[in-house]
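For chain S, the structure is supplied; the task is to place chain H with the ligands on it using the hints.
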Amino acid sequence: MQHKTIVLVGQPNAGKSTLFNVLSDIKSSTSNFAGTTVAIKQSLINVNFDTYKIIDLPGLYSLNPNDPAEEVTVNFLLNHHVDLIINVVDSTLLSRSIELSIELIELGIPMVIALNMQDEASRYGVRIYNQKLKDILKIPVIPTIALFGKGVKDLIDTCDHVITRGYSKPEFLKFTLHVENSINVIQEDLKETQIPNNIDSRFYAIKLIENPQIAFKSLKSFDRKKSELATQQIQIEHNTDGFEVIAYERHHHAMKITHLVSELKKKKAQPFAEKLDSVLLHPLWGYFFLLLFFIVYFIVIFQVGTFISGLIEPAMQTLPHYYEPLKLISPFLWYTLDGLFQGIAGSIGIVLPYFLPLLILTSLFEDTGYMSRIAFLLDGLFHRIGLHGKSVAPFIMGFGCTVPALYATRIIENERDRLITGVLINFIPCSARLTVIFAISSAFTGPIWTAFIFFFVLLIIAINGKILSYFFTKPTGLILEIPNLKLPSLRTTFKKTQFKVKEFLKVAVPYLILGSIVLGWFEYFGASKILNSFFSPLVTNVLGLPEQLGSTLIFGFLRKELIIVMASQAMGVKSFSQLGLTTAQALVFTIFVILYIPCISTFAVFWKEFGAKTVVLTTIFSITMATLCGLFFKIILNF
Amino acid sequence: MCLSDAPCNISLKILKINSEMVTRKKLLSMGIRPDDSLIKIFEMNWGGVIVQNLTTNSTKVALSKSLANDIIVDYAA
Ligand SMILES: Nc1nc2c(ncn2[C@@H]2O[C@H](COP(=O)(O)OP(=O)(O)OP(=O)(O)O)[C@@H](O)[C@H]2O)c(=O)[nH]1
Ligand SMILES: [Mg+2]
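For the record, the sequence lines run as chains S and H. 5 is the number of the first residue of the first sequence in the numbering used here; add one for each residue after it. 1086 is the number of the first residue of the second sequence in the numbering used here; add one for each residue after it.
Worth flagging that the hints you see were computed from the coordinates, not collected in a lab. As the structure is a prediction and not an experimental result, all values here were calculated from the model. Please note that a few of the clues may not be correct.
[Said to hold, decoys possible] Using 27 Å as the maximum straight-line C-alpha spacing, the simulated BS3-like pairs for lysine-lysine come out as follows:
no. : chain 1 : residue 1 : chain 2 : residue 2
1   : S       : 260       : H       : 1110
2   : S       : 260       : H       : 1098
3   : S       : 269       : S       : 279
4   : S       : 279       : H       : 1101
5   : H       : 1101      : S       : 224
6   : H       : 1150      : S       : 279
7   : H       : 1110      : S       : 230
8   : S       : 269       : H       : 1110
9   : S       : 260       : H       : 1150
10  : H       : 1101      : S       : 470
11  : S       : 138       : S       : 260
Here chain S stands alone, though its shape is the one from the complex (with noise of 0.2 Å):
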């Protein structure tokens, strides 16, 4: 059966992915930052003995598309049967997100408005009068925070009604007379037009003056020249094009209804959050502060992670003693249970201890609403090579994980810009790089060293970013709402970093430890020999390392937290700070792993995201640019 679609739709930063975990069991991410959200996530939900499919869609400030982030939301709306619509509304932000609330209503799709926020917007003074509110767009209007979970079964309750009792179309908002009046003549002209699902016929004569191109890919059979002499009737009493007309008649609209229903309090103050922004945000001290929370993140990140690996690592590498003497009764089987072992082991000894604080100071980090004033920092930075300050999102996400990052590209504007962007993501060091930063340079080298290569890498990242825009025009600007800062919710991280670790067990480990059964098999068979001395060139000669180390990195194109679980299996000794690594060496296999060829889940979506052309270059690019970065180190370093 084919269940009924309830749609989340509003504004970025609105609440939607909020609302949606609260409703379903599958987690869309969250974040203080406009445009969290940039592909489509849907769940099933039981109301009341109805099962409905309810989806979670990208924000977006109106639906004229300006990134490919909106463009999946519009697309989605005009392309699929949508039974209703649940307009998620930020309740501080009433005037801007009415004038959203109002096109969707245009669409003729039955709505109803969750007024989000509402523990913000007292906090801020703002009262809103939901009845009023509700009278006036004949559409029900139901009070919700969706952080605490508060005002949800009213809302779906609600829905529930409105989809199973037939709820007649919202009542269109009237525009002033001659725009009525071009609209009626171009609705007219519809008629014989076959309207793709239930949109109304009205939603396409205003698109048709407003933002043509929108219609015309979904009004295939439609007529340009019929709608032509109406839009620039409008032109001409307007003097200017049609979308700023109506644009303009919405926001009037708007702020005429956010003055009747709404009635700010107290003065819009928040002292201290706006106190610490203008530290944040400061010419100078903002600058100053950055610096210190990045080294502040990683210290900690470092420091804890090598704290709980110490914990565990004693007992791993006493382990392997029971099981030593099957070594010369049973080979194979000592093979198989060496790479089990060290696949568990190298998951929870090495991996998660530092994996799991880098997730809980990021989701942290995350609902503070400090990335925006990042991007923001940035942005001058940025612009020196070739960028701008919207990339500053997907690269701080790239910290955590490539894919992703690589989807929050979808957020930038211009086809360039995000092109740029995400070649260079691929070098910015993943949790997982990280871990193998973090692992080695905590048996090998020092903090002072990944201080170092830290740097090292962004002085790459920035000067391929000048050489890759020597090939493109110059970058636009930013445009970036900054929302205002919270503090973050202690249950919200919980609930984040358990999923993440939930993933992380569920996805990688069985990955990581399937990869060291099959090193071990590799290494029974002598096949790993094999590969080892085809990639000695490379390996040994080319960046001095020892020629195990070979097979490792093979493997490391699966995950690259492979490539340290898998270290000391491949290099036979019983634990990671055994392998004997001098500090040259350390440096120069970590500064190759970080650069070299992302993982083959990144390969697959930046495919899909950017095409095979680019993912083909990409690739030989990489492994050019890391070869060149560890030869570069060796010689260096051996002096």
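Same frame as chain S, but now just chain H with the ligands:
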């Protein structure tokens, strides 16, 4: 004057936005539009600014220098 030249923390009125169409649309949909009043809160040495629309009481918006140059403002009455 353009937004880059305007002083901080004073109520300004947007007269005109000279950017190309795509950018103007984006600014419009984020609530930066002619006739509204806004205030410039921060300005960086490299020319980036943070503004807030006072008419709609919206969130703060960060703009690159190139954009700040394209937005023409005047002191609000
Ligand atoms: N105080 C408060 N915070 C909320 C509420 N709902 C969501 N948030 C927070 O607001 C931020 C944005 O929430 P998201 O759910 O990511 O917003 P979104 O609408 O999905 O945003 P995009 O995906 O960027 O369009 C997060 O930091 C949430 O924790 C609420 O009712 N009250
Ligand atoms: Mg979202």
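Consistency of the hints with the structure:
About 22 Å separates the Cα atoms of residue 260 (chain S) and residue 1110 (chain H), which keeps this hinted pair within 27 Å; it holds. With a C-alpha separation of about 19 Å, the suggested pair residue 260 (chain S) and residue 1098 (chain H) falls inside the 27 Å cut-off, and the hint holds. Using a Cα cut-off of 27 Å, the hinted pair residue 269 (chain S) and residue 279 (chain S) holds, with the two alpha carbons roughly 21 Å apart. Taken as a hint, the residue 279 (chain S) and residue 1101 (chain H) pair is broken in the structure, with Cα atoms around 31 Å apart against an allowance of 27 Å.
For the hint pairing residue 1101 (chain H) with residue 224 (chain S), the CA-to-CA distance comes to about 36 Å; that exceeds 27 Å, so the pair is violated. With a C-alpha separation of about 24 Å, the suggested pairing of residue 1150 (chain H) with residue 279 (chain S) holds against the 27 Å cut-off. The suggested pairing of residue 1110 (chain H) with residue 230 (chain S) holds, with an alpha-carbon distance near 25 Å, which does not exceed 27 Å. With a CA separation close to 32 Å, the supplied pair residue 269 (chain S) and residue 1110 (chain H) exceeds the 27 Å bound.
A distance of roughly 33 Å separates the Cα atoms of residue 260 (chain S) and residue 1150 (chain H); the hinted pair therefore is violated under the 27 Å criterion. Of the supplied pair hints, the one linking residue 1101 (chain H) and residue 470 (chain S) is violated, its CA atoms being roughly 33 Å apart against a limit of 27 Å. The straight-line distance between the Cα atoms of residue 138 (chain S) and residue 260 (chain S) is roughly 14 Å, inside the 27 Å bound, and the hint therefore holds.
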